[in-house]
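Asker: Below, each chain spelled out in residue letters.
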Amino acid sequence: MPINLQMPALSPTMEEGTLAKWLVKEGDEVASGDLLAEIETDKATMEFEAVDEGTIAKIVVAEGTDNVKVGEVIAIIAEEGEDVAAASKGGAESGESSAEKPKKEAPAPKGEEKPAKLSQDVTPKVTDPAPKGDAPASDGERIKVSPLARRLAEQKGVDLGALSGSGPGGRIIKADIDAAEGGSAPVNSQAAAPAPAPAVTPAPAPAANDFDIPHTSEKLSGMRKTIARRLTEAKQTIPHIYLTVDIQLDKLLKLRSELNATLEPRGVKLSVNDLLIKALAVSLMQVPKCNVSIDGDQLKTFARADISVAVSIPGGLITPIITSADTKSLSTISTEMKDLAGRAKDGKLKMHEYQGGTASISNMGMFGIKNFDAVINPPQAMIMAIGAGQKRPHVIDDSLQIATIMSATGSFDHRAIDGADGAQLMQVFKELVENPLGMLA
Amino acid sequence: MAKSYDLIVLGSGPGGYVAAIRASQLGLKTAIVERENLGGICLNWGCIPTKALLRSAEVFHNMKHAADYGLAAEKISADLDAVVKRSRGVANQLNKGVTGLMKKNKIDVVMGDGKIVEKGKVAVKTEKGEEELTAKNIIIATGARARDLPFAKADGKRIWTYRHAMTPPEMPKKLLVIGSGAIGIEFASFYNDMGAEVTVVEMMDRVVPVEDEEISKFLEKSLKKQGMTIMTGAGVKSIETSAKGVKAEIEDSKGKKASHDFSHVIVAVGIQPNVETVGLDELGIEPDERFHIKTDAMCRTNVEGIYAIGDVTGGPWLAHKASHEGVIAVEAIAGGHPHAMDVNNIPGCTYCHPQIASVGLTEAKAKEAGHDVKVGNFPFIGNGKAIALGETEGFIKTVFDAKTGELLGAHMIGAEVTELIQGYTVGKTLETTEAELMNTVFPHPTLSEMMHESVLDAYERVLHM
Numbered sequence: 048m049p050i051n052l053q054m055p056a057l058s059p060t061m062e063e064g065t066l067a068k069w070l071v072k073e074g075d076e077v078a079s080g081d082l083l084a085e086i087e088t089d090k091a092t093m094e095f096e097a098v099d100e101g102t103i104a105k106i107v108v109a110e111g112t113d114n115v116k117v118g119e120v121i122a123i124i125a126e127e128g129e130d131v132a133a134a135s136k137g138g139a140e141s142g143e144s145s146a147e148k149p150k151k152e153a154p155a156p157k158g159e160e161k162p163a164k165l166s167q168d169v170t171p172k173v174t175d176p177a178p179k180g181d182a183p184a185s186d187g188e189r190i191k192v193s194p195l196a197r198r199l200a201e202q203k204g205v206d207l208g209a210l211s212g213s214g215p216g217g218r219i220i221k222a223d224i225d226a227a228e229g230g231s232a233p234v235n236s237q238a239a240a241p242a243p244a245p246a247v248t249p250a251p252a253p254a255a256n257d258f259d260i261p262h263t264s265e266k267l268s269g270m271r272k273t274i275a276r277r278l279t280e281a282k283q284t285i286p287h288i289y290l291t292v293d294i295q296l297d298k299l300l301k302l303r304s305e306l307n308a309t310l311e312p313r314g315v316k317l318s319v320n321d322l323l324i325k326a327l328a329v330s331l332m333q334v335p336k337c338n339v340s341i342d343g344d345q346l347k348t349f350a351r352a353d354i355s356v357a358v359s360i361p362g363g364l365i366t367p368i369i370t371s372a373d374t375k376s377l378s379t380i381s382t383e384m385k386d387l388a389g390r391a392k393d394g395k396l397k398m399h400e401y402q403g404g405t406a407s408i409s410n411m412g413m414f415g416i417k418n419f420d421a422v423i424n425p426p427q428a429m430i431m432a433i434g435a436g437q438k439r440p441h442v443i444d445d446s447l448q449i450a451t452i453m454s455a456t457g458s459f460d461h462r463a464i465d466g467a468d469g470a471q472l473m474q475v476f477k478e479l480v481e482n483p484l485g486m487l488a
Numbered sequence: 042m043a044k045s046y047d048l049i050v051l052g053s054g055p056g057g058y059v060a061a062i063r064a065s066q067l068g069l070k071t072a073i074v075e076r077e078n079l080g081g082i083c084l085n086w087g088c089i090p091t092k093a094l095l096r097s098a099e100v101f102h103n104m105k106h107a108a109d110y111g112l113a114a115e116k117i118s119a120d121l122d123a124v125v126k127r128s129r130g131v132a133n134q135l136n137k138g139v140t141g142l143m144k145k146n147k148i149d150v151v152m153g154d155g156k157i158v159e160k161g162k163v164a165v166k167t168e169k170g171e172e173e174l175t176a177k178n179i180i181i182a183t184g185a186r187a188r189d190l191p192f193a194k195a196d197g198k199r200i201w202t203y204r205h206a207m208t209p210p211e212m213p214k215k216l217l218v219i220g221s222g223a224i225g226i227e228f229a230s231f232y233n234d235m236g237a238e239v240t241v242v243e244m245m246d247r248v249v250p251v252e253d254e255e256i257s258k259f260l261e262k263s264l265k266k267q268g269m270t271i272m273t274g275a276g277v278k279s280i281e282t283s284a285k286g287v288k289a290e291i292e293d294s295k296g297k298k299a300s301h302d303f304s305h306v307i308v309a310v311g312i313q314p315n316v317e318t319v320g321l322d323e324l325g326i327e328p329d330e331r332f333h334i335k336t337d338a339m340c341r342t343n344v345e346g347i348y349a350i351g352d353v354t355g356g357p358w359l360a361h362k363a364s365h366e367g368v369i370a371v372e373a374i375a376g377g378h379p380h381a382m383d384v385n386n387i388p389g390c391t392y393c394h395p396q397i398a399s400v401g402l403t404e405a406k407a408k409e410a411g412h413d414v415k416v417g418n419f420p421f422i423g424n425g426k427a428i429a430l431g432e433t434e435g436f437i438k439t440v441f442d443a444k445t446g447e448l449l450g451a452h453m454i455g456a457e458v459t460e461l462i463q464g465y466t467v468g469k470t471l472e473t474t475e476a477e478l479m480n481t482v483f484p485h486p487t488l489s490e491m492m493h494e495s496v497l498d499a500y501e502r503v504l505h506m
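The listed protein sequences correspond, in order, to chains A and B. Per our numbering: the first sequence = residues 48 to 488. Per our numbering: the second sequence = residues 42 to 506.
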């Protein structure tokens, strides 16, 4: 019977991926262990190895295809002695899940000389393509958890949704709850003699469907878990709308160097970002429909513009807040920002200094990023993504000139903010940055 | 000239041959080295042939009780030679079965004594001379043998190990069994049913000491009722053999020594691992404090590329544990991430009469581990099927964590319980709580209904008591 090659889950949380590249073509013979394809997830590009042997009868999903769901048939392999042409037609239709497979195959080897056929599910080596129904699909969440683990989680107040299971197929088991609680070691250790694990051996990953490339594993830090949870929440619950404007920066850069010259004796040096924080705050006060938050069935409109500023720190990212940035002087913003960023890097921020804020700003200009779409920081309703100021050809008064241009993209919570209101904010922001004296007054 | 493989398995018992089959399934070129019989002790000299013997004993027992069922059986007798012959036939058939499995899976069988001479290299002394095999990975599955008593070395005439007891030179009239673990009790039960006068001496304060205390107590009573003499907390101090029989000095639980005469002795005081000829020292493979090979959760030894499974490693020393470890080791070798073994989910079965089966923690061990427990107990006498079978002796006990409802252990004694225990084992492996067990529909009329009732009893909801 032709074998349906399914999109593998290359990590316990993977739901879909990009089929970046096929390393085989139709008609190629493959043996167990051959590299079949490169698959990209949001995290990494990984190689997909063959488990079965046979001939590639048909490539179902072309390379370069994005968002291929885990478990989707991506190719069909004809087994030895099978008609490749027939297999290429027949295989895909059956669409059987791996769970059904062993049953059907079991009787086959009887009386045959051939060693029992290796189907995808019997070896944990490559993947364990989760049957579609089991994947934590966007429609209806099903958490795989043992009865005991479910009860322990209830009793101990552990959030099952925040755990990744180490049982078969990512099932959450007792050991995972114990680990989450910081309790005793997983059950496994009972069987383990003092492990003399050779140094070269990669840590045995608990996830059954983990990938087999040598790797190191480390437990997620608290910050990483928070980032993961909040960003997922944002992308899953907030319908984002993105609005981009190109902003001429020359006047702001000129103003900045003039101000810095006069501020030098006071030991203050304004960054472009300091000015942009102020510009965003002033814009938000001018367009209050964007200085909002959805709270259950209510819309809050804030009377102050507190700007959360994304600061990259070792091991993650944090967003210290400049409160009332609309009313603060640039030098105050600059001084505060320097202090907050410094303490953020040392991990010494107080909770109120990074929790709250009415909108965010994230600047990747220093990395040469032209423009990007940022993820909203809930419960806020907007974030401004700042690209690099670059000399670009620019049409000014109907003639092509060179100007320093910066692209800024606002991400808006479309439930709370209409496109036109978001556009108005972008317009005001652009106006302020292009004519920066407006924010000094 | 060395033949090269992906994997060499030393020993073809239930650990080794299963490992070899799994390796072949995963595409590894595999050789298996065996010095005696394919299938190892389990299949040739252990689990299987003893079950054949015990089946004969059971049928014989039923024949003797034919009248209980309204039947008549007169002039019944047992022919030990014929019983043993049947048992050997069963072992032989399965040995051939394993031979066939090796062939089907294209596994090279090398008959001879294997020794790891260096990492990745095994020398086998075969009939034709020495053969050299090489492989990146080696699994040691050489098993174990009966432990000797220094003052009672088995001679096969008067002093037997399990192996002699399986092919006895004659029917013992008065038998002393030293040790009341699974092996000792099974032979005691067999020879008792066959008509011998049996005495069991156990050093610990109860028979089958690894089982739950209530099981031990119940079994002791039952064996005594069947006519056995049971001496617990007792020790055999010396043994003298003569042409007529055996004189044993036994110290009882009160410290009183007395001399007893027996026709034969079975020594069943545990096992010792077959590690001497494997080459452990030369390779620096670490043993544990009982000289079994130390392994981690993936059956790796401290030497890279060398794995160990089954009786040659730490306990429990059971065939099914060995087989399961064989699969784990091979999947780890093939680069997979097999699940690690949880000893609490390995069931144990003893085929004495009545049978014993258990999984997980005993009540005492559960309390020792700090659990607040809920205990259920249901007797065979309350089960319709048991009464219909005429097997009303026994009970099923379950132990739960009172707080979480985790099934910690299950302990059974009575007819056919060895066929029931896997129900609880599946439940434990799936991490069941009492709720799922209560919600499970058990078929009527079966002995398995007692499994349900025992759980209900733990939560004071028992129906048929």
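Honestly, the hints are just simulated from the structure, not real lab data. Note that beta-carbon positions come from the ideal geometry of N, C-alpha and C, so glycine has one too. One or more hints might be untrue.
As the list claims (entries may be wrong) - What follows is a set of in silico ranges between Cβ atoms, one per label pair, in the way DEER data are often shown: (1) B:Lys137 x A:Gly80: 56 to 64 Å; (2) B:Glu254 x A:Gly269: 40 to 48 Å; (3) B:Pro191 x A:Leu267: 50 to 58 Å; (4) A:Glu201 x B:Asn385: 32 to 40 Å; (5) B:Arg186 x A:Ser211: 40 to 48 Å; (6) A:Leu82 x B:Lys177: 14 to 22 Å.
Stated by the list, open to error - Pulled from the structure, derived: some chain B residues nowhere near chain A, Cβ distances all over 12 Å: (7) Leu67; (8) Thr175; (9) Lys214; (10) Ser263; (11) His301; (12) Thr445; (13) Glu475; (14) Glu477; (15) Ser489; (16) Val503.
Asker: Now tell me, hint by hint, if it's right for this structure.
Answerer: Hints, one by one, checked against the model:
1. B:Lys137 x A:Gly80: 56 to 64 Å: Given range 56 to 64 Å: violated, Cβ gap about 34 Å.
2. B:Glu254 x A:Gly269: 40 to 48 Å: Holds, at about 46 Å.
3. B:Pro191 x A:Leu267: 50 to 58 Å: 57 Å, holds
4. A:Glu201 x B:Asn385: 32 to 40 Å: 23 Å, violated
5. B:Arg186 x A:Ser211: 40 to 48 Å: 45 Å Cβ-Cβ, so the 40 to 48 Å window holds.
6. A:Leu82 x B:Lys177: 14 to 22 Å: 21 Å, holds
7. Leu67: Its Cβ does come within 12 Å of chain A, the nearest being 6 Å, so this is violated.
8. Thr175: 20 Å, holds
9. Lys214: Given that every Cβ of chain A is farther than 12 Å from that of Lys214 (chain B), nearest at about 45 Å, it holds.
10. Ser263: 33 Å, holds
11. His301: Per Cβ check, His301 (chain B) is outside 12 Å of chain A; nearest 42 Å; holds.
12. Thr445: 6 Å, violated
13. Glu475: 9 Å, violated
14. Glu477: 5 Å, violated
15. Ser489: 20 Å, holds
16. Val503: The assertion about Val503 (chain B) holds, with a minimum of 21 Å to chain A.
Figure legend: structure checked against the earlier numbered hints; hints not met, in rising order: 1, 4, 7, 12, 13 and 14.
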